[in-house]
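Student: What follows is each chain in one-letter form.
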Amino acid sequence: MKQKFTKKNKVKIDETVLTTLLKTFAYSTIGITVGIVVILFSESSHFFAEISLSEFLGSTKWTPLLEPRHFGVIPLVYGTVLVAGGALVIAVPLGVLIAVYLSEYASVRSRKIFKPILELLAGIPSVVFGFFAITTITPILRYLDPEIQIFNALSAAIVLAVMVLPLIASISDDAIRAVPKSMRDSGYALGATKSEVVLSIVIPAALSGIISSCILAFSRAIGETMAVTLAAGATPQLTLSMKESIQTITAYIVQVSMGDTPHGTIEYQSLFAVGVVLFLIIVAVNMSAQLVVKRFQRKYV
Amino acid sequence: MLISDVEQLNEKMSYGLTNHSVLQADQVSVHYGDNQVLKDVSISLRERSVYALIGPSGCGKSTLLRCFNRMNDFVETFRFDGKISFFGHNIYDPDIDPEVIRKSIGMVFQKPNPFPASIYKNIMWAPKINGMDQDWDELVETSLKQVGLWDEVSDRLNRSGLELSGGQQQRLCIARTIAMNPKVILMDEPCASLDPISTAKIEELIEQLKEKYTILIVTHSMQQARRTSDFSAFMYQGEIIEHGITKDIFESPRERLTQEYVNGKIG
Numbered sequence: 001m002k003q004k005f006t007k008k009n010k011v012k013i014d015e016t017v018l019t020t021l022l023k024t025f026a027y028s029t030i031g032i033t034v035g036i037v038v039i040l041f042s043e044s045s046h047f048f049a050e051i052s053l054s055e056f057l058g059s060t061k062w063t064p065l066l067e068p069r070h071f072g073v074i075p076l077v078y079g080t081v082l083v084a085g086g087a088l089v090i091a092v093p094l095g096v097l098i099a100v101y102l103s104e105y106a107s108v109r110s111r112k113i114f115k116p117i118l119e120l121l122a123g124i125p126s127v128v129f130g131f132f133a134i135t136t137i138t139p140i141l142r143y144l145d146p147e148i149q150i151f152n153a154l155s156a157a158i159v160l161a162v163m164v165l166p167l168i169a170s171i172s173d174d175a176i177r178a179v180p181k182s183m184r185d186s187g188y189a190l191g192a193t194k195s196e197v198v199l200s201i202v203i204p205a206a207l208s209g210i211i212s213s214c215i216l217a218f219s220r221a222i223g224e225t226m227a228v229t230l231a232a233g234a235t236p237q238l239t240l241s242m243k244e245s246i247q248t249i250t251a252y253i254v255q256v257s258m259g260d261t262p263h264g265t266i267e268y269q270s271l272f273a274v275g276v277v278l279f280l281i282i283v284a285v286n287m288s289a290q291l292v293v294k295r296f297q298r299k300y301v
Numbered sequence: 001m002l003i004s005d006v007e008q009l010n011e012k013m014s015y016g017l018t019n020h021s022v023l024q025a026d027q028v029s030v031h032y033g034d035n036q037v038l039k040d041v042s043i044s045l046r047e048r049s050v051y052a053l054i055g056p057s058g059c060g061k062s063t064l065l066r067c068f069n070r071m072n073d074f075v076e077t078f079r080f081d082g083k084i085s086f087f088g089h090n091i092y093d094p095d096i097d098p099e100v101i102r103k104s105i106g107m108v109f110q111k112p113n114p115f116p117a118s119i120y121k122n123i124m125w126a127p128k129i130n131g132m133d134q135d136w137d138e139l140v141e142t143s144l145k146q147v148g149l150w151d152e153v154s155d156r157l158n159r160s161g162l163e164l165s166g167g168q169q170q171r172l173c174i175a176r177t178i179a180m181n182p183k184v185i186l187m188d189e190p191c192a193s194l195d196p197i198s199t200a201k202i203e204e205l206i207e208q209l210k211e212k213y214t215i216l217i218v219t220h221s222m223q224q225a226r227r228t229s230d231f232s233a234f235m236y237q238g239e240i241i242e243h244g245i246t247k248d249i250f251e252s253p254r255e256r257l258t259q260e261y262v263n264g265k266i267g
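Order-wise, the sequence lines are chains X and R.
With the numbering used here applied, the first sequence corresponds to residues 1 to 301, in that order.
With the numbering used here applied, the second sequence corresponds to residues 1 to 267, in that order.
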C-alpha cells in the first residue's frame with residue numbers, strides 16, 4: 001500500500017516537471033516577442049523626443065545621413081509598399097494559376113514532381129535571390145529598356161514575386177484541395193464541365209484561403225530585406241516610376257546597421273522608429289488576413 | 001392499394017418495356033480495378049414512376065445509380081461494360097458528353113450539398129452556366145414551390161443555403177435539380193442524414209414529383225422503399241436478384257434471398 005502510494009506520487013512529480021518545462025518553452029516565445037516590442041518602442045521614444053511625430057509622418061523627405069536632415073518616413077513606406085505591391089501584381093495571378101493546376105488538373109505524378117520543386121524554391125536563401133536579381137533580372141530589364149537604372153524597383157518587385165510565389169501557390173493549393181468532394185459532385189451532377197466547376201464552385205469556396213495566402217505573401221514581401229536591398233538600392237524617394245531606385249524600410253535598416261553608426265545618435269535611434277513602423281504594418285496586414293479568413297470562411301456541413 | 005392504382009400499375013407494366021422506357025440498363029457490368037461490383041444488371045425505368053433499389057450495404061446499388069448519370073467516370077479504376085439507353089441513346093457512346101447526360105438526369109446525394117451561396121444562386125447556378133436565359137425570379141419561385149420550400153424561405157432568398165436545416169437543404173438540392181428540368185432524378189439515400197419529420201417531407205415530395213419525373217431512389221430503409229416506390233429491385237452482391245411491383249417484392253417475393261432480406265434475415 002505504502003509502496004504504491006510513493007509510486008503514484010513519483011508519476012505526479014514527473015508530470016508536473018514536464019508540464020512546467022513545456023509551459024516555460026511555450027511562454028518564452030511570448031516573452032521574446034514582448035521583449036522585442038518593448039525595446040522597439042522604448043528605443044524609438046528617444047527618437048521621437050527629438051523628431052516630432054508630425055515631421056516623421058508628414059515630411060516627404062528621408063535624408064537622415066545627409067544635411068539638411070529630414071526624417072519623413074513616407075518615402076520608405078512608399079518604397080516598401082511599391083515593391084511589395086508590384087510583387088503581388090505578378091505573383092498572385094501566377095500563384096493562383098499554379099495552385100489551380102496543381103490541385104485540379106495535374107496528374108498525381110506531375111504533382112509529385114511539381115510540389116517539391118515549388119517548396120525548394122521557398123527554401124532558397126534570400127541573398128541568393130538578391131544576387132539573382134542584380135546579375136540576371138536587372139541586366140535583362142536594362143536590355144529591354146535602357147532607361148532602367150542599375151538599381152530599380154521593378155527588378156526588386158520581380159524577384160520578390162518569385163520569392164512569394166511558392167507561398168501563394170502552396171497555401172492556395174491547400175485551400176482548393178480542402179473544398180469537399182461533395183461540393184464538386186453537386187456541380188458535376190448538374191451537368192457542369194470541369195472548368196465550370198473549378199471556376200464557379202471550387203475557387204469561390206476556397207476564396208478565403210486564397211486571399212489569406214495573398215495577404216501573407218504581402219506581409220512576407222514587406223519584411224523581405226536582402227533581395228530588395230540588393231535589387232532596389234538605397235534612394236528613398238517618392239517616384240511613380242519603377243525604373244528608378246527606391247529604398248524600402250528594411251533596406252534602410254540594413255544600410256544604417258552596416259555603417260559605423262555610433263550608439264545613441266539620431267540615425268541609430270531612427271532604426272527603431274522605422275522598425276516600429278514596419279512592425280505595425282506587418283501586424284496590421286496579418287490581422288487583416290485573420291479578418292478576411294473569418295469574413296469569407298464558409299462552413300461546410 | 002386501390003384497385004384503380006393496381007390497374008394503373010399494370011397498365012404501366014404492359015406498356016411494353018421499349019416504348020415508354022426512359023432509362024434502360026442492358027447487361028451492365030462494372031469493375032473497379034479487378035473487383036467486379038455489378039454483374040450483368042438489366043433494368044428498365046418507365047416514365048413517371050418511382051423505382052427503389054434495395055439491398056444490403058455493398059451490393060452495388062449506389063454504383064448502379066451512378067452509372068445512370070456517369071458519375072462513376074470520376075473513379076479512375078472504373079470500367080463499364082454493357083449499355084445504358086436514355087430514350088434510345090446509349091449514354092456511354094464515346095460521342096456523348098457526360099455533361100449533356102447529367103443535365104437531363106439529375107442527382108440528389110446522401111448528404112445535402114447546397115453550394116455555399118444564396119438560396120437564389122443555388123437554384124439559378126446550373127441553368128445559368130448552361131446558357132439558359134429566362135426569368136430567374138420565376139424559375140426560383142417555381143422550383144422552390146415544387147419542393148414545398150417557397151413558403152419557408154421566400155423572405156430570405158439571399159441568405160446562404162447553408163443556413164437552412166438539413167431537410168430544407170436537401171429540398172433545396174432537389175429544387176436545384178428540378179430547375180434544370182430533367183427527365184430523371186436519381187436519389188442516393190436522400191434521407192440517410194435526415195430526421196424523421198424531414199424524411200416524411202421528402203417522401204411526400206417524391207410522391208408529388210413522380211407526376212413529372214422518373215425517380216430512381218437508393219435506400220437502406222425497406223419501409224421507405226415500400227412507402228415511396230411503385231417498383232423495386234432487390235440487389236445482392238452486384239446482381240439484381242428480383243425486380244417488380246414494390247408490393248409484390250415485399251409481400252410475395254419469388255426469390256428466397258429477397259424474402260430473407262425483406263424479412264430482415266440478411267443484410
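Treat the hints loosely; a few may be bogus.
[Said to hold, decoys possible] For lysine-lysine, the following BS3-like pairs were computed, each having C-alpha atoms within a straight-line distance of at most 27 Å:
#1 X:K181 <-> R:K111
#2 X:K23 <-> X:K10
#3 R:K111 <-> X:K294
#4 X:K181 <-> R:K247
#5 R:K121 <-> R:K83
#6 R:K128 <-> X:K181
#7 X:K194 <-> R:K247
#8 R:K83 <-> R:K145
#9 R:K121 <-> R:K183
#10 R:K83 <-> R:K212
#11 R:K83 <-> R:K201
#12 X:K181 <-> R:K121
#13 R:K145 <-> X:K194
#14 R:K183 <-> R:K210
#15 R:K247 <-> R:K121
#16 R:K183 <-> X:K194
#17 R:K201 <-> R:K247
#18 X:K194 <-> R:K210
#19 X:K115 <-> X:K181
#20 R:K121 <-> X:K194
#21 X:K294 <-> R:K212
#22 R:K201 <-> R:K183
#23 X:K181 <-> X:K294
#24 R:K201 <-> R:K121
[Claimed, not checked] Some but not every residue of chain R turned toward chain X, in silico, with C-beta under 8 Å:
#25 N69
#26 Y92
#27 P94
#28 I96
#29 E99
#30 G106
#31 M107
#32 K111
#33 N113
#34 A126
#35 I129
#36 N130
#37 R176
#38 M180
#39 K183
#40 K265
Bear in mind the hints are in silico, worked out from the structure with no lab data behind them.
Each residue gets a CB set at the ideal place from its N, CA and C atoms; glycine is no exception.
Student: Tell me if M180 (chain R) is really an interface residue toward chain X, meaning its C-beta lies closer than 8 Å to one of theirs.
Tutor: holds, 6 Å
Student: So, as I understand it, the hint says G106 (chain R) touches chain X; can you test that by seeing if any CB pair is closer than 8 Å?
Tutor: holds, 7 Å
Student: Can the restraint linking K247 (chain R) and K121 (chain R) be considered satisfied, given a maximum Cα separation of 27 Å?
Tutor: Violated, because 40 Å separates the two Cα atoms, which is more than 27 Å.
Student: Need the status of pair K23 (chain X), K10 (chain X): alpha-carbon distance at most 27 Å?
Tutor: Cα-Cα ~20 Å, so holds.
Student: Is the hint on E99 (chain R) kept, meaning its closest Cβ partner in chain X is under 8 Å away?
Tutor: holds, 5 Å
Student: Between K121 (chain R) and K83 (chain R), does the CA-CA distance stay at or below 27 Å?
Tutor: violated, 36 Å
Student: With a cut-off of 8 Å on the beta carbons, see whether M107 (chain R) makes it to chain X.
Tutor: It holds, given that the least Cβ distance between M107 (chain R) and chain X is near 4 Å, below 8 Å.
Student: Given K265 (chain R) as an interface hint, is the shortest Cβ-Cβ distance to chain X below 8 Å?
Tutor: violated, 34 Å
Student: Just to be careful, I want the Cα atoms of K183 (chain R) and K194 (chain X) compared with a cutoff of 27 Å; is the pair within it?
Tutor: holds, 23 Å
Student: Holds or violated: Y92 (chain R) as interface residue toward chain X, Cβ cutoff 8 Å?
Tutor: This interface hint is violated because 16 Å lies over the 8 Å limit.
Student: Sort out whether K183 (chain R) lies within 27 Å of K201 (chain R), counting only the CA atoms.
Tutor: holds, 22 Å
Student: Is K194 (chain X) within 27 Å of K247 (chain R), Cα to Cα?
Tutor: violated, 42 Å
When held up to the earlier numbered hints, the structure conflicts with 4, 5, 7, 8, 11, 13, 15, 18, 21, 26, 27, 28, 39 and 40 and fits the remainder.
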